[in-house]
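J.: Chain residues, written in single-letter form:
Protein chains: 2
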Amino acid sequence: MADTHSLELLVQALRCLPGVGVKSAQRMAFHLLQHDREGALRLSQALQHACSSVKHCTMCHTFTENDICPTCEDPRRDRGLLCVVETPADQAAMERTGAYKGLYFVLMGKLSPLDGVGPREIGLQKLFERIDATEQGERVVREVILATNFTAEGETTAHVIAQGLKTRGVNVTRLARGVPVGSELEYVDLGTIAHALVDRR
Amino acid sequence: MADTHSLELLVQALRCLPGVGVKSAQRMAFHLLQHDREGALRLSQALQHACSSVKHCTMCHTFTENDICPTCEDPRRDRGLLCVVETPADQAAMERTGAYKGLYFVLMGKLSPLDGVGPREIGLQKLFERIDATEQGERVVREVILATNFTAEGETTAHVIAQGLKTRGVNVTRLARGVPVGSELEYVDLGTIAHALVDRR
Ligand SMILES: [Zn+2]
Ligand SMILES: [Zn+2]
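So the protein sequences, as listed, match chains A and B. Residues 0 to 200 in numbering that gives the first Met the number 0 are what the first sequence lists, from first letter to last. Residues 0 to 200 in numbering that gives the first Met the number 0 are what the second sequence lists, from first letter to last.
Bound conformation, chain A alone:
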């Protein structure tokens, strides 16, 4: 792209985005500089601001701008329920249901040995410490709900956590697998139907 050094640096920098190769980065740089410099400057500011103000909640590890996130601080939440999710987006999905009133632990990832993500990277030690916490001799957390994704890695992560909790005398549950609400059986894949059968109520 001509010999414009700052344009080349922009194309290179765009490649830090997941799923963006050289061709996409060139297309993005062209679009921003030719059609949307305002958007480019807004993005520049948003990146800088998010990097300086977004940190992790010391209780649940989700993204927050405070030391403890508003969910963890909410006194109306049931502290006896702890839902384990992979990402803040998964947590947001749970919240949208309005069906859950407990607290969360956000792994900020999932076990993936090939990518170098082990128990340490997803904070399992912190999770177990949180579950072991007592108040006046009583365990605070009564039930741990494993809400990792129903993918191979999500299932493995749930399995490893369940194993770690086996000897702790805490109630461990997993979200039910099943037929999505509003869908017709004819169009649901076989594996889902099989699971729905096993997990039938």
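These are calculated hints, taken from the structure and not from any lab test. A portion of the hints provided could be inaccurate.
Since copy identity is lost for identical chains, a pair holds within one copy or between any two.
[As the list claims (entries may be wrong)] Result set (DSSO-like, lysine-lysine): computed pairs, CA atoms no more than 27 angstroms apart in a straight line: (1) K22 to K100; (2) K22 to K165; (3) K54 to K165; (4) K54 to K22; (5) K54 to K100; (6) K54 to K125; (7) K100 to K125; (8) K125 to K165; (9) K100 to K165.
Please build the complex by placing chain B with the ligands on the supplied structure of chain A, with the hints as guidance.
T.: Same frame as chain A, but now just chain B with the ligands:
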């Protein structure tokens, strides 16, 4: 994603990138904040720097950091040849061949009436003025090579330019359509073979 305002602003801002919807933007924001804050800050700087330093060459319209780009200023270039391309990336592809020694006019787009891109937006008036320019009573440009893409919009753009040049007495050529070098006929699509037959040498 929790109630982190600066994170929401980042997700929104990422959507200025072409082809990036809400889900991708969330995934990108999560990746940057969780795994690559250094990359995010580098991108922030690159965006700001490119926006403030990249402008258009007054001669050929390509991106440059100067008033006139180094290609247009190069005295070894044949000023009698003018190659019309859609984007700086296309220009770079032509340059990589090492087979072209003339100058360029970069449309910075292509005719696309449905997207509101007409002759004005791709600078056709400027192109025609450039082609009409004379020195000591003689037209400088001897040949215009139309190297827009072989897509519907690229072909239309080439056609419109060719029409505009019809009465100007300048030699207008188009890149040959044909079988890609190194490919086996068996695997080349029919349209390409048909065109290669028509354009046979
Ligand atoms: Zn929290
Ligand atoms: Zn130029």
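J.: Look at each hint and say if it fits the structure.
T.: Verification of the hints:
| no. | hint | verdict |
| --- | --- | --- |
| 1 | K22 to K100 | between (45 angstroms within a copy, 25 angstroms between copies) |
| 2 | K22 to K165 | neither (49 angstroms within a copy, 35 angstroms between copies) |
| 3 | K54 to K165 | neither (32 angstroms within a copy, 63 angstroms between copies) |
| 4 | K54 to K22 | between (32 angstroms within a copy, 21 angstroms between copies) |
| 5 | K54 to K100 | within (24 angstroms within a copy, 54 angstroms between copies) |
| 6 | K54 to K125 | within (17 angstroms within a copy, 51 angstroms between copies) |
| 7 | K100 to K125 | within (22 angstroms within a copy, 64 angstroms between copies) |
| 8 | K125 to K165 | within (17 angstroms within a copy, 75 angstroms between copies) |
| 9 | K100 to K165 | within (24 angstroms within a copy, 74 angstroms between copies) |
Taken one by one, the earlier hints fail for this structure at numbers 2, 3, listed in ascending order.
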